[in-house]
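Participant: Hey, can you work out the whole structure from these sequences and the hints?
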Amino acid sequence: MYKNLNRTQKRRKLSQFIMFGFFRVSAAINGIALLIIFYFLVARGWRAITWTFLTQPPMDSMTRGGILPCIIGTVCLSLGAIIAALPIGVASAIYLNEYAFQGRALRIIRLGINNLAGVPSVVFGLFGLAFFVVYLKMGVSILAGALTLGVLTLPVIIGATEEALRAVPETYREASLGLGATKWQTIYRVVLPTALPGILTGGILGLSRAAGETAPIMFTAAVFFTPSLPSSIFDEIMALPYHIYVLATAGTEIEATRHLQYGTALVLIVLVLGLNLMAIIYRARLQKRQ
Amino acid sequence: MEKSSHTGKSRYRTEKIIRITFFCISLASIATLALITIFLFMEGLPIFKEVSVKDFVFGQYWYPTDEPPDFGIFPLIIGSLSVTGVSSLISIPLGVLTALYLAESASASVRQWVKPVVELMAALPSVVIGFFGMVIIAPFLQEVFDVPTGLNLFNASLMLAFMSIPTICSISEDAIFSVPTELKEASLALGATKWETISRVILPASLSGITTAIILGMSRAIGETMVVLMVAGGAAIVPTSLFDPVRPMPASIAAEMAEAPFRGDHYHALFATAVVLFLFTLLFNLAADHISHKYKQVGASTL
Amino acid sequence: MEKSLKIAIKELNFFYRDFKALTDISLDVYAHEVTALIGPSGCGKSTMLRCLNRMNDLIPYSRVEGRILLNEQNICDPDVDVVSLRRRIGMVFQKPNPFPKSIFENVAYGMRVNGIKDKAYIAQQVETSIKAAALWDEVKDRIHESALGLSGGQQQRLCIARAMAVKPDVLLMDEPCSALDPIATQKIEELIHQLKKTYTIIIVTHNMQQAARVSDITAFFYLGKLIETDVTDTIFTRPKLKQTEDYITGRFG
Ligand SMILES: Nc1ncnc2c1ncn2[C@@H]1O[C@H](COP(=O)(O)OP(=O)(O)OP(=O)(O)O)[C@@H](O)[C@H]1O
Ligand SMILES: [Mg+2]
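Residue numbers (my numbering), protein chains in the order written: chain B, 1 to 290; chain Z, 1 to 303; chain G, 1 to 253.
No wet-lab data here; the hints were simulated from the structure.
For glycine and all other residues, C-beta sits at the position ideal for the given N, C-alpha and C.
Heads up, some of the hints might be wrong.
[Stated by the list, open to error] From chain G, some residues computed to sit far from chain Z (all C-beta separations above 12 Å): (1) 86; (2) 223; (3) 227; (4) 229.
[Said to hold, decoys possible] Some chain Z residues near chain G, calculated using beta-carbon distances under 8 Å: (5) 107; (6) 108; (7) 110; (8) 185; (9) 196; (10) 200; (11) 201; (12) 258; (13) 261.
[Unchecked claim] Here are the computed lysine-lysine pairs in the DSBU-like style, where the Cα-Cα straight-line distance is at most 30 Å: (14) 194/Z to 10/B; (15) 10/G to 167/G; (16) 117/G to 3/G; (17) 183/B to 16/Z; (18) 196/G to 119/G; (19) 194/Z to 101/G; (20) 184/Z to 294/Z; (21) 140/G to 187/G; (22) 95/G to 240/G; (23) 20/G to 194/Z; (24) 294/Z to 10/B; (25) 95/G to 294/Z; (26) 197/G to 167/G; (27) 115/Z to 288/B; (28) 6/G to 10/B.
Facilitator: Below is the structure:
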């Protein structure tokens with residue numbers, strides 16, 4: 001039966017070779033696509049990035065000048081989002097990972113988190129409008145936008161924190177409990193410090209996610225243009241992603257402001273991917289150490 | 001003795017309070033989800049005083065600002081489904097094959113570089129991808145395929161595929177990676193090739209995870225807003241070709257909300273559209289959740 | 001019966017990165033005999049076994065030096081076709097690892113991937129193998145049900161049947177009984193006695209009695225070196241070296 005299998009053998013090797021070729025090609029396509037995007041944004045955007053561009057507000061109905069208010073706006077919004085979401089997210093993860101028993105309640109909470117993670121960003125925008133802006137009377141403001149973004153980043157933070165908590169060896173907990181520490185003492189003194197780097201990574205990822213989102217702030221915080229920098233959390237604000245959208249689709253001189261659009265996109269990417277890279281590198285370091 | 005039992009009791013009480021506090025906080029996510037549902041319905045339902053649910057969902061015409069207005073979102077639904085469908089034709093094979101590459105074929109050093117690439121893809125802001133599709137891909141398509149506009153169904157699908165590949169890839173990779181090595185070794189030890197091991201053992205064992213990944217990827221595509229807003233072309237018609245412009249639901253909502261008079265019919269209609277969109281993604285996510293729970297991955301045998 | 005040399009291991013060294021897990025191993029394995037590898041945990045028994053079917057190829061940072069001759073062909077040669085090598089050298093793992101498929105499909109798997117399409121042959125071969133593994137009576141009525149429903153001992157015998165179904169020359173067994181109870185262990189030991197007529201068997205075990213009961217030749221490993229090898233009776237009654245004696249009498253340390 002196994003004597004005359006030479007032909008089959010060749011065919012088996014060939015199919016292996018072809019399939020692994022497919023794997024490699026697909027992986028390469030992703031990399032190439034990413035490179036192409038980077039190439040165009042950098043090649044066409046880097047000349048726009050000057051000191052004036054980064055430190056001046058837009059001028060002449062946004063056809064010249066810089067993007068300072070947008071940078072500040074994005075920083076405010078994403079920091080606000082994290083400040084709102086981090087404590088809640090971390091506490092939720094602690095409950096889910098350290099306290100909850102397997103069972104229906106846990107299942108439902110998880111279902112809620114998973115579905116929250118899947119809500120389309122524009123729906124968050126409408127929710128923010130209906131709830132924060134209108135119902136809670138915050139108006140179109142940094143506060144409303146940051147809270148909307150906070151809701152959106154909540155699942156990201158919960159996920160990252162849970163992962164960090166799971167990575168804490170069970171023996172640590174047992175050792176602490178065995179010494180007579182209560183559950184909370186164990187969590188507070190042993191589990192959280194060990195998991196802290198992982199939680200911070202999650203926070204950074206949440207920050208970058210919030211910084212890049214457009215639809216949720218369209219109706220809750222962002223405006224086309226404000227001449228002044230924000231002075232309170234109830235002010236409207238400009239933001240990088242929304243600025244790109246506005247310049248590219250609704251500006252007065254779409255073609256003439258292309259370089260500004262590329263420049264703004266480049267700044268946003270550097271900000272978002274910079275945060276991500278930080279998280280990736282930090283995490284890689286942690287893993288190496290463990 | 002007396003004293004220690006007393007502190008024992010109060011300690012027990014503190015622990016209980018802490019526990020309950022954490023429990024309450026952990027309800028935040030589900031409470032938000034409930035609030036989202038409530039407010040969407042609250043702001044969306046009034047439109048059904050003007051049009052019936054059937055006319056709204058199956059109405060062929062979306063002219064919300066005409067006199068009298070038409071609130072039929074059928075073309076928008078088809079727009080959403082078509083970009084999602086076409087994009088998944090691209091993203092599913094690419095995502096799953098890349099996952100297989102990462103989990104089964106790449107050497108550790110290559111993996112170390114390719115994984116961050118996938119993560120960075122996931123992190124690119126959607127507005128940037130929309131912008132890229134608008135200014136680079138659209139003129140390119142217009143030229144190459146000689147079509148009236150490069151902002152169309154095909155372009156949007158390409159960009160959406162790019163956005164859902166990371167989701168599909170990373171969740172699939174987790175599923176593939178968690179197939180126990182014992183199973184892999186058993187197959188190889190019987191003289192199966194690597195590919196035979198993948199197709200006959202690893203893929204069947206990780207099928208539920210991969211299905212979940214695909215569903216979540218599609219859910220991401222259907223809910224993605226900025227890309228379809230910027231590159232889908234914006235025509236509220238049922239497309240007949242790959243190069244027709246379309247107006248998926250999120251695009252319509254995002255484009256019109258700013259101009260819709262507060263709590264007018266148009267405003268309510270947009271919220272109702274969001275309800276439909278929300279239900280679609282809810283369906284996708286519940287399906288994914290169901291599959292990943294019902295068909296838990298089969299691990300190594302337990303004794 | 002004339003003894004014929006099946007496998008000759010010649011001056012084998014094996015490395016995980018910089019760690020030398022096997023040092024200068026030379027060992028002859030004869031056809032239709034059971035060779036037992038014994039030694040304390042971490043001494044390299046599994047590593048040795050996994051060299052024989054090139055399972056260590058899966059570990060990217062590993063390296064092998066020396067030769068292993070199977071029927072006079074060097075299997076460490078990079079040109080060797082590992083896929084057909086592994087078909088000829090079956091392996092049974094420490095933990096039973098049936099595929100999440102039916103009992104039938106588990107046993108048929110090896111034949112299917114090797115390109116055998118003849119249904120009747122497959123069915124007959126599945127039955128023969130399961131019978132040879134002394135499992136037939138227990139599973140004949142549920143042959144198309146999931147293999148995961150079997151007990152640990154049954155699963156392990158299924159894995160043996162699965163390994164036999166592709167008609168290997170040699171069977172490698174890495175502590176096949178370590179996860180089993182005494183009764184299941186006894187069944188597998190009886191099975192090994194039967195299988196020896198057809199196959200050449202190399203078994204790793206931590207259980208001295210088991211090695212004494214099932215094997216013809218015993219090889220004692222310590223810290224990656226082959227310390228002593230001899231006919232099993234001799235090793236257990238008159239070991240030449242003190243180290244060996246200490247280990248088999250439990251005075252080790
Ligand atoms: N994948 C690996 N990477 C690095 N070192 C390894 C690896 N596998 C085994 N080793 C090391 O090689 C040595 C021999 O391991 P091996 O598994 O062969 O021992 P063993 O004799 O089978 O032990 P046991 O009886 O516990 O199964 C050990 O020191 C072990 O730590
Ligand atoms: Mg071992």
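Participant: Hint by hint, note whether the structure agrees.
Facilitator: Cross-check of the supplied hints:
{"no.": "1", "hint": "86", "verdict": "violated (4 Å)"}
{"no.": "2", "hint": "223", "verdict": "holds (25 Å)"}
{"no.": "3", "hint": "227", "verdict": "holds (28 Å)"}
{"no.": "4", "hint": "229", "verdict": "holds (25 Å)"}
{"no.": "5", "hint": "107", "verdict": "holds (6 Å)"}
{"no.": "6", "hint": "108", "verdict": "holds (6 Å)"}
{"no.": "7", "hint": "110", "verdict": "violated (11 Å)"}
{"no.": "8", "hint": "185", "verdict": "holds (6 Å)"}
{"no.": "9", "hint": "196", "verdict": "holds (4 Å)"}
{"no.": "10", "hint": "200", "verdict": "holds (7 Å)"}
{"no.": "11", "hint": "201", "verdict": "holds (6 Å)"}
{"no.": "12", "hint": "258", "verdict": "violated (53 Å)"}
{"no.": "13", "hint": "261", "verdict": "violated (59 Å)"}
{"no.": "14", "hint": "194/Z to 10/B", "verdict": "holds (14 Å)"}
{"no.": "15", "hint": "10/G to 167/G", "verdict": "holds (26 Å)"}
{"no.": "16", "hint": "117/G to 3/G", "verdict": "violated (36 Å)"}
{"no.": "17", "hint": "183/B to 16/Z", "verdict": "holds (10 Å)"}
{"no.": "18", "hint": "196/G to 119/G", "verdict": "holds (28 Å)"}
{"no.": "19", "hint": "194/Z to 101/G", "verdict": "holds (19 Å)"}
{"no.": "20", "hint": "184/Z to 294/Z", "verdict": "holds (23 Å)"}
{"no.": "21", "hint": "140/G to 187/G", "verdict": "holds (18 Å)"}
{"no.": "22", "hint": "95/G to 240/G", "verdict": "violated (34 Å)"}
{"no.": "23", "hint": "20/G to 194/Z", "verdict": "holds (28 Å)"}
{"no.": "24", "hint": "294/Z to 10/B", "verdict": "violated (40 Å)"}
{"no.": "25", "hint": "95/G to 294/Z", "verdict": "holds (26 Å)"}
{"no.": "26", "hint": "197/G to 167/G", "verdict": "holds (13 Å)"}
{"no.": "27", "hint": "115/Z to 288/B", "verdict": "holds (16 Å)"}
{"no.": "28", "hint": "6/G to 10/B", "verdict": "holds (27 Å)"}
Hint compliance for this structure: hints 1, 7, 12, 13, 16, 22, 24 are not met, and every other hint is.
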